[in-house]
Each structure stands twice: as C-alpha cells, then as structure tokens.
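J.: In order, the protein sequence lines correspond to chains A and B.
Mind the numbering: the first sequence is residues 1 to 330 in the numbering used here, read in order.
Mind the numbering: the second sequence is residues 1 to 308 in the numbering used here, read in order.
In case anyone wonders, no lab produced these hints; they're calculated from the structure.
One or more hints might be untrue.
What the hints assert, rightly or not - Think about it this way: if two alpha-carbon atoms lie no more than 27 Å apart in a straight line, the pair counts; the simulated BS3-like pairs of lysine-lysine are:
no., chain 1, residue 1, chain 2, residue 2
1, B, 17, A, 138
2, A, 68, A, 92
3, B, 116, A, 322
4, A, 138, A, 201
5, B, 109, A, 323
6, A, 91, A, 101
7, B, 116, A, 24
8, B, 109, A, 322
9, A, 255, A, 201
10, A, 24, A, 138
11, B, 109, A, 24
12, B, 113, A, 24
13, B, 17, A, 226
14, A, 322, B, 113
15, A, 68, A, 91
16, A, 101, A, 255
17, A, 322, A, 255
18, A, 24, A, 77
19, A, 77, A, 91
20, A, 201, B, 83
21, A, 77, A, 92
22, B, 116, A, 323
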Amino acid sequence: MSTPPQNSLVNRVDPTQGSAFSRKMRSLGSYLRQHWVLYLMLVPGLFFLFIYKLLPLWGLQIAFKNYKIFAAETPWKAITASQWVGLRHFKKLFASSQFAKVLRNTLAINFLKILWLFPIPILCAILLNEIRNAFYRKLCQTMIYVPYFFSWVLIFGIFYSLLGSYGIINLLITSLGGERINFFGDQGIFRSVLIFTEGWKEVGYNTVIYLAAITGIDVTLYEAAKVDGANKFHQIWSITLPGLLPTIVLMLILKVGYILTTGFEQVLVFYSPPVYDVADIIETYVYRIGLGQADFSLATALGLFNAVVAFILIVGANTVSKKTLGRSIW
Amino acid sequence: MAKKVKSKGIAMDASEKFVTGFAYVLMTIFALIAILPCLHVASKSISGGTYVASGSVWFWPRGFQLETMEYILFETQFFQALKNSLIVTSVGTLISVIVSITTAYPLSKPSFKGRKVVTLLYVFSMVFFGGIVPAYMVVQMLGILDTYAAMILPFAIVQFNMFIIKNYFEGLPETVEESARIDGAGDFTVLTRIVIPMSTPVIATVTLLYAINYWNNYFHAMMYVQSTSMKTLQVYLYDLINSGSSFLENLASGGYTGEGVHTGLSVNITAEGITASAVTLSIIPIVLLYPLVQRFLIKGITIGSVKG
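Bound conformation, chain A alone:
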C-alpha cells in the first residue's frame, strides 16, 4: 500500500509529487476502480440493514417522547412531531409492579431452563458415544434431533393433544377417577410445561454440538487410560469431560448472555391470561402493551431497557468467551 506501483499511469506522470495523504487517496482510488464490484455486492445487504435494522433505531426516540399517533399525517412523521418528556416513561415503568413481575418471570423461566436442561445434552452426548451399535446410535440421535425442526406452534399443537383438557393424559386421569389437570392454565404447573417443551425441542440439537466436540477428543488418550487401569467412569471424568469443557463453558456463557432475549415465541404461543402472573416475560409484555394496548411509548421504553441490558450481557458474554476460550461469536 505504501509503495506505489511503478507501472501505474498516475504515478508515471509524477511519482514524487503529493503528500502521503494524497498518495493514500490515489491508492484508494485505484483500489475502488479495480474492486467496485465488491462494493456493488454490499448494496442489497446494506439496504436491508439500514431499512429494517437501523431505521427502527430512529423510532426508539419515542421512549423519551409522549408519542401521539395522530400528531402528524402519518404515524412515522408523528415520531418527530411528538413532545419530548425526558425519562417520564422510564420512571413510570420502574415504579410499576408489572415491570418487576415481567423481569422476575424472564429471569426465573430462563434460569430454571438452564438449571434443568443444560446438563442433559452433555449427558446424552456422552451416553450416545458409548452405544457401540452404530445403527442404534444413529437412530437415537436422529429421533431426539427431530423436534428441533418443529415450530413452537407445532409443538404447542402436539402437547395440546397430550395435555389439553381433552388430551390423552387428562382422559386417562378422568377415566381413573381423578381431577382434570389444567396444564396450560395452572400457575403452579405452567412453567414446568415451558421447561419440558423447551427441553423436548432443544436437547437433540445441543447433543449434536457436544457430540461434535467429543469426536475431536484424541482417541489415544482413552487407550492410554485403559492400559493404566482406568475404568469407564474414570475415563469419562478425566478425559471426556475435560475435553468437553471449552464447549460447555462456551454454551453456558451464551445461554447467560441471551437470558433476556430467549423464549419469546414459546411463551407467546403457550401462554394465556390465567398464567400471565408466572409466564409473562419482558418481550411478551412489550408486545401486549405496545401493539395490543397501543401504549407505544411505554412499550418502546421497556423494549429499549431490555435491548440495552441484553446488549451488555451479550457483549460481555462474548468478551468472556474470547478471553477465556479464545472463541467468539463474531
């Protein structure tokens, strides 16, 4: 870059003239002339990026405004036309019991999911690896992986068929003389339904990730351990688990990083008013007050709060992962 190409036309005219800056500009110019196609390629992506990802950020200002949809000819123009109110919506939000509730629910549901579900795929991967019969191993893996490709609506339909008021489980309970259980409407049970269905969908996918990591472990380590008299438990404890550790840590960091932003579509599909107290999470609440009750400013304020905290968590998670494991998501 610093040495100008001798055969370039520009430099042949006067190779000594011009400051470092203008030389740099000339070399940039020749780069652009040579590679303009690359810039053209970026255009469609940048178009989508600006319109659909960055333009909404302009709309975030209504979190600090008293947004009136009819303040101008169009709802979009009304954004600029509305009055600034400073932090009023945030104060209102942080003082409300609803905010505390949805924050608590978000953290509780996602924390319980990590607590109950995080170890399962690790166990599955280790156990699958112990199944000698290749066909049977593949069969089990294929079956537990299937639900990952189902949408939440489809999963809701499947579990509705099992757990609904007239689902097979309740028909069994009533035929045995028991009381119907309202799995989707009982506050004491609903979170368990969320956790179980999350596991049903995700365990297979995560198992595949850990299986890939197990494949990377050096087989000779096991051979050596066997010679030294290590039994299977020792081998799993001192070879497989340490080999999986970087992946385990990475997955855990990511899970914590995304603790505020996961589970939205699942809750949206599964919940109903009777369980709002235990199931309403930040994003479902934003959706309901924003597009349901048309309280745009308050919803945007909560959305912005969520976005900022989530941003800090995700960037933090990525930094921790980069520092400790040398691996990052970007």
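Starting from the known structure of chain A, fit chain B onto it as the hints suggest.
T.: Below, chain B without anything else, positioned relative to chain A:
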C-alpha cells in the same frame, strides 16, 4: 490390527458394562420421549371419532378414517395457508441466501477497504435489537403491512447466518482465487465460478437455516399480516388449535355429554381430531425434508458456526 485384537481380547469390565447398559436404557427412553408424542398426534388424526373422544388412541390408530383429514384439507384454509408459507419460505430463502453471499464475500477479503466499519454495523445490529414497536412502525411506514414482503424483507438478512458464510469464505485457500484472477477473472466471476462452487456445504446449511426460519416463524407472520387469505401455516395452525379448544368447550358447556362429537358433522370429526390432523399435516413436510436437513445441519453445526 493390534488395536482390534486388544479391544476384542479384553473383556468389558463392570464399569463399562454399566455405562453401556445405562446408555442403551436412557437413550431409548429419550428417543421415545421425542417420538411418541408425534406418533400419538398422527394416530389420533386418522382414528375414529369415538376412539379419540374416549381416550383409547395412544400410539397406533384405532378405527381408521380419513374424514378428519379431508375436512382439514377441503373445508378449511389449509391449502391457502400452505401456499402462503411456501411462497414466503421459497422467495424469502432465495433472497436471503443471495444477499448473505454477496455481503459475506466482500467482508471476507482481508484487504477489502471499509471491511471493519461494515462488519461492525452488522455485529451491532445483531446484538442490539431496537424492539418490536419501532420495527413495526418501519414496516407500517413502508406500506407493506399485510403483504408477503412484510414477512420476508425485514428478515432478509440474518446476521448470524451471513457470518457463518463469511467465516467459511475466509477459510478458503487464496491460491485458487489468485490463479483465476491472473487469468483475468473479475470479482463477480471469481465469486460465482470459484468461491460459490467451493462452498456448497456451507451454502446448503445456511439455506436450510433460512428456510426453517421462514417456515417456522409464527410471530412475524401474525404481527404483520391481518387478512385470512394471507395467513401462513403457523398462524393458521395456532388459530385452529385455539378455536378447536373453545369449540369443544362450548359444546361441553352447552349440556353436551363431553364425548367431543360434533352433531352436524360425521361422528369421526372431533375437535381433538381436527387439531391432531392439522398438526400431522404440518409435520409431514418437515419429515419429508428431514434426511436432507439432518445431513446438512449436522455438518453445518461444525462448520464456521463459532469462530475458532
């Protein structure tokens, strides 16, 4: 060869036997937990109404009938919803894959000027989401509410998928590209003739990720689309499940015996059966594509998804 003799020669010790046995038992249970609910819904969808209502259909159909399936297919909006989902998924995936490739390629060139700034924009937009309300306002402002475009364009580029392709491109050997350039090929030719053919596995993976995204999405299709004729399969299915339950509950509360049989229709058509049939019909496309999906996604998880 020596290894083989050795592993055959040494008998499995107790710990190994235990772990292997435990593995077979537990993994069988897990596989059954994954598959039995699907089998139940599928069985229910083609079982006779009285068997369904009495709770005697478990994992195999009883009193085989196809009337419920016919009802779903011809008396409801199923085909319209299927058509909408197919349009959104195919057009959306095509746009997404092309745009992701053309974005990933320049950003994968270390010498590309402006690379850092543009990459940073994509990373930032990936980790900072402005929220549902402003996103909705943009779609509304553009006047594309209630169109296919509203279900496609805002999600045309998933940054994470684009980065998977970019990471893969970065790992390709420079030499092949260079020799093509010496032969006079420009950037576009190098991308379409050399880079893309060398990257088919990762492109297949990302194509599937996008297709699954579009196909499975419920929220966006629900939020941006109002008219019945524009509903996608997921929205259709959700509405059907919810109306199916109220349908049955209304019948039950109206002095109905609770056997779940609609009097105006064939005895085989029950609310439970209707839900089960719609769910089963929605599972079929996924099961048909599953071998393909599994092949590329298992591979895909290991390529480029996380920067090494």
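J.: Is the Cα-Cα distance between residue 255 (chain A) and residue 201 (chain A) 27 Å or less?
T.: holds, 16 Å
J.: Taken at face value, is the distance from the CA of residue 322 (chain A) to the CA of residue 109 (chain B) at most 27 Å?
T.: holds, 22 Å
J.: Verify the proposed pairing of residue 116 (chain B) with residue 24 (chain A), using a straight-line Cα cut of 27 Å.
T.: Between residue 116 (chain B) and residue 24 (chain A) the Cα gap is close to 18 Å, so the pair holds against 27 Å.
J.: Straight-line Cα separation of residue 17 (chain B) and residue 226 (chain A) no greater than 27 Å?
T.: holds, 15 Å
J.: If you draw a straight line from the CA of residue 68 (chain A) to the CA of residue 92 (chain A), is it 27 Å or shorter?
T.: Satisfied, since the Cα-Cα distance of roughly 18 Å is no more than 27 Å.
J.: Compare the distance between the alpha carbons of residue 91 (chain A) and residue 101 (chain A) with 27 Å, and conclude whether the hinted pair is satisfied.
T.: At roughly 16 Å apart (the allowed maximum being 27 Å), residue 101 (chain A) and residue 91 (chain A) satisfy the hint.
J.: Is the straight-line distance between the alpha-carbon of residue 322 (chain A) and that of residue 255 (chain A) 27 Å or less?
T.: holds, 15 Å
J.: Below or equal to 27 Å on CA atoms is what counts here, so check residue 17 (chain B) against residue 138 (chain A).
T.: Satisfied, since the Cα-Cα distance of roughly 20 Å is no more than 27 Å.
J.: Run the distance test for residue 322 (chain A) versus residue 113 (chain B): straight-line Cα separation, threshold 27 Å.
T.: Within the cut-off at roughly 25 Å; holds.
J.: Would you check the hint for residue 116 (chain B) and residue 322 (chain A), treating anything up to 27 Å between C-alpha atoms as holding?
T.: holds, 18 Å
J.: Would you check the hint for residue 113 (chain B) and residue 24 (chain A), treating anything up to 27 Å between C-alpha atoms as holding?
T.: Holds, at roughly 12 Å.
J.: Would you check the hint for residue 109 (chain B) and residue 24 (chain A), treating anything up to 27 Å between C-alpha atoms as holding?
T.: Given pair residue 109 (chain B), residue 24 (chain A) holds - Cα atoms ~19 Å apart, limit 27 Å.
Comparing the model with each earlier hint shows violations of hints 10 and 18; every other hint is respected.
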